[in-house]
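S.K.: So you can see what is in the structure, the chains are spelled out below.
Protein chains: 2
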Amino acid sequence: MEHTKTKEQIKGYTYGEVAPSPFTLNDLELLKKTVLFSSEDEQYLRLAGEVLRDQVDAVLNLWYSFVGSNEHLLRYFTTNGQPDLDYLAAVRDRFGQWIIDLCTRPFDQDWLNYQHEIALRHHSAKKNQTDGVNSVPIINHRYIVAFIYPITATIKSFLGKKEHDTETVEKMYNAWFKAVTLTAVLWTYPYVHTNEF
Amino acid sequence: MEHTKTKEQIKGYTYGEVAPSPFTLNDLELLKKTVLFSSEDEQYLRLAGEVLRDQVDAVLNLWYSFVGSNEHLLRYFTTNGQPDLDYLAAVRDRFGQWIIDLCTRPFDQDWLNYQHEIALRHHSAKKNQTDGVNSVPIINHRYIVAFIYPITATIKSFLGKKEHDTETVEKMYNAWFKAVTLTAVLWTYPYVHTNEF
Ligand code: HEM
Ligand code: HEM
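So the sequences go chain by chain: V and R. Sequential numbering from 1 applies to the first sequence in the working numbering. Sequential numbering from 1 applies to the second sequence in the working numbering.
Hints are not guaranteed to be accurate.
No copy labels: a pair is met if it fits in one copy or bridges any two.
[As the list claims (entries may be wrong)] Listed next, the in silico SDA-like pairs over lysine to any residue satisfying Cα-Cα at most 20 Å (straight line): (1) LYS7 to TRP98; (2) LYS7 to GLU42; (3) LYS127 to ASN195; (4) LYS7 to GLU29; (5) LYS162 to PRO22; (6) LYS32 to TYR13.
I should point out that these hints are in silico values taken from the structure, not numbers from a laboratory.
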């Protein structure tokens, strides 16, 4: 299914309208070097964006069923011990938009700022506020980093669905892996002792 | 070249002799579920261990040349602004042993304890102590997590060097990716605010 809502229709999606990130573009350059992120990766991310665009719902179905079948993960979407369906649905729309954003947005100041906003929304600083819910107060740091694996590994079959050759799929996959690692790093900022990040 | 030093000859390698990890085996089970780590992965890690055993030096050459060609990474091995060759050499032996340990050791209490010890050795809590050096006091958290990419991606060609079919290489690669993600998570423990890990 096509990812249908326009950005304006996604509740709580505030890309371009958030506070500045404490992490600088210079620091981002060094981080990109550390994950070997090149301009070729940028191109393959754009291609991945085209490949994934009409598969966003299928990707989200897979990820949500993974979270839903793991009590220790579903927890973070519960209110009074019960899965909060409105919360799950609201986050799902923004999560879908993130897939497209990660592939298509330039990694500039706006991008950096929104990564920090997403970081705060996983952390006690801002979790639950966007959707006005009363869920558990924070997503533990360990799982933010651990998610690099499932978020990366599960994308590969979707990248292979549009008849690109193995080498092209491999390049899209590696660009995605690097980009996910970058964002996961940025999302851990609020959890880490000052000066140790 | 074969990885030649016995464990007893590796200076500062104290597997099985360190303080207990604050992270429990129960928590580790949930983390394993989060990266989809199964008993099949254990088997493929063992196989990866066999494949990598006589390639450890070649892997380390690649990783060290990556660190050496990036000033922002080499920094962590410098004393008074100069690369500390004794320090680099001492760590290299333990790093080589870690490759084999990751593939062959059971993920039990001893393993968990040593992961925490390695975490402390990257953190200001214990960096430099093992080798009695006067290098920079801490490796920043961002790079511990970011290293998941290069440590994972670069291993694949080595896994393919022993004539296993593509599917087997892919399975060894994924088992390695999961295991590296697990250990990187555990190594971030000392950096994170109490109760947020
Ligand atoms: C690499 C790891 C992760 C990725 C790529 C990811 C992606 C996202 C995205 C894109 C959003 C919406 C951001 C926005 O408001 O625009 C979000 C929010 C959320 N995610 Fe994650 N996430 C990750 C880790 C996790 C983990 C481990 C959990 C735990 C199950 C989790 C649960 C949530 C929840 C509950 C929200 C809503 C937060 C709020 O109240 O605003 N996420 N995530
Ligand atoms: C997933 C990421 C990483 C892996 C797999 C890794 C692996 C290792 C291993 C196995 C050791 C030796 C542990 C022991 O004492 O037995 C070690 C120590 C060390 N690593 Fe890392 N490392 C990672 C991230 C980093 C980064 C980003 C840097 C920065 C360049 C770095 C620099 C060092 C240094 C300086 C030591 C010596 C610490 C001491 O003084 O004891 N490591 N690493």
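S.K.: For LYS127 vs ASN195, is the C-alpha pair at or below 20 Å within one copy, between two copies, both, or neither?
M.R.: between (23 Å within a copy, 16 Å between copies)
S.K.: Checking LYS7 and GLU29: alpha-carbon separation at most 20 Å within a copy, between copies, both or neither?
M.R.: neither (28 Å within a copy, 38 Å between copies)
S.K.: Indicate which option fits the pair LYS7, GLU42 if close means a Cα-Cα distance not exceeding 20 Å: within, between, both or neither.
M.R.: Close neither inside one copy (22 Å) nor across copies (43 Å); limit 20 Å.
S.K.: Checking an output row: LYS162 and PRO22, CA cutoff 20 Å. Within, between, both or neither?
M.R.: Neither: 39 Å inside a chain and 46 Å across chains, both beyond 20 Å.
S.K.: Between copies, within a copy, both or neither: which fits LYS32 and TYR13 at Cα up to 20 Å?
M.R.: Neither: 25 Å inside a copy, 32 Å across copies.
S.K.: Within a copy, between copies, both or neither: which one fits LYS7 and TRP98 at a CA-CA cutoff of 20 Å?
M.R.: within (11 Å within a copy, 46 Å between copies)
When held up to the earlier numbered hints, the structure conflicts with 2, 4, 5 and 6 and fits the remainder.
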